[in-house]
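Using the hints, position chain B against chain A.
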Amino acid sequence: MSGPDEIIHQTLRLKIMATLNVESTEGPMEFTRLRGLLKATDGNLGSHLTTLEKAGYVTIDKDFVGKKPRTRVAITPAGAKAFRSHVAYLREVLEGTQL
Amino acid sequence: MTLSRSDAAGALRDVELAQARAGEMRGYRHAGPYLIGWGLIWAVGYVLMAIRPQSEWGWIWLPLDAAGIIGTILLARVQRGKPGMASNGGGGRILLGILFAALFIAATYILFAPATVTPFIVFPGLVIGAIYGMIGIAWLPRLGWVGFAIFALTMVGYLFFRDWILYWMAAVCGGSLMLSGAWLRNA
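Quick note, the sequences are listed as chains A and B, same order. Following my numbering, the numbering of the first sequence begins with 1 at its first residue and continues without gaps. Following my numbering, the numbering of the second sequence begins with 1 at its first residue and continues without gaps.
Looking at chain A on its own, in the form it has when it is part of the complex (with noise of 0.2 Å):
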């Protein structure tokens, strides 16, 4: 049985893996619409992504759009693994087979 992964479990980081992870069928999410999706603050959120990134569970792409600057975030495959193990443990802790 696998254990519980503390990095993901973190109220914030857990939201953002699991928005990741419904929008990782439309490609990298723009840093803007992750904050409002999620109601968090810039640095609240950039650090919980910066946390999440040195995991390897995203990435975070900088560019320009025209002048603009534009962060983007994905979950890569091993994040994805990881939020799917850690949402079956937390399942099988609700349903008694993990105490």
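By construction, these hints were calculated from the structure, which means they are not laboratory data. C-beta: ideal position from N, C-alpha, C; glycine also. Watch out, some of these pointers could steer you wrong.
Computed spacing ranges between beta-carbons, pair by pair [claimed, not checked]:
(1) G3(A) to I94(B): 42 to 48 Å
(2) F112(B) to D42(A): 42 to 48 Å
(3) L17(B) to V65(A): 27 to 33 Å
(4) Q10(A) to R185(B): 28 to 34 Å
(5) R77(B) to I60(A): 29 to 35 Å
(6) T11(A) to R29(B): 46 to 52 Å
(7) F112(B) to D63(A): 56 to 62 Å
(8) L74(B) to A78(A): 32 to 38 Å
(9) G3(A) to R185(B): 37 to 43 Å
(10) G3(A) to F104(B): 38 to 44 Å
(11) T11(A) to V156(B): 43 to 49 Å
Leaving out everything else, chain B in the frame of chain A:
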């Protein structure tokens, strides 16, 4: 790190809420282009009705509706073809929905046989508004607001701007659909 059942339940609830919200926003982004396309068709169709004789009205809508239906099916196929998107027969279901709405409108005309031409002009706006309203109540709240706006604006046009109803339907209702589509596409 050890988690209790309540911790796990809370975390799973967070996951479900985040995924539901992301899915809802994706639904809006997918709906946006349909609204823009049909808004454009409405605007063109009603303007042509305003400037062409009544005997030609049927011929105006035939190619426009055909273009709208073909565009809708193509768009559904493009969206369905994205990696990871579930194949749910979107194009076919949308087509059936459009046909059912058209049949409902035609049946209503037969049943109630309006004495003047104005109800023929405005009734599709009410039906489309009601359909979006119901979709909004059931799944996507923003579409509910779009439906309410179309419904209300159609009635405002019928009650207060009857002399200009064709231009009203083109500019206000067609324009509302296009603006709503642009709003939803950026969700």
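Against the structure, the hints:
1. Judged by the Cβ atoms, the range 42 to 48 Å given for G3(A) and I94(B) holds: they are separated by roughly 45 Å.
2. Range check, F112(B) to D42(A): Cβ separation about 56 Å, and the 42 to 48 Å hint is violated.
3. In this structure the supplied range 27 to 33 Å holds for L17(B) paired with V65(A), their Cβ-Cβ distance being about 31 Å.
4. Distance hint for Q10(A) and R185(B): a CB-CB separation of about 32 Å, consistent with the stated range 28 to 34 Å.
5. Restraint check, R77(B) to I60(A): a C-beta distance of roughly 32 Å satisfies the suggested window 29 to 35 Å.
6. The hint said 46 to 52 Å for the Cβ distance between T11(A) and R29(B), and at roughly 26 Å that hint is violated.
7. The hinted range of 56 to 62 Å is satisfied by F112(B) and D63(A), whose Cβ atoms lie roughly 58 Å apart.
8. A beta carbon spacing of about 36 Å between L74(B) and A78(A) agrees with the range 32 to 38 Å that was offered as a hint.
9. The hint said 37 to 43 Å for the Cβ distance between G3(A) and R185(B), and at roughly 42 Å that hint holds.
10. A beta carbon spacing of about 56 Å between G3(A) and F104(B) contradicts the range 38 to 44 Å that was offered as a hint.
11. Checked against the hint of 43 to 49 Å, the C-beta distance between T11(A) and V156(B) comes to roughly 46 Å, which is consistent with it.
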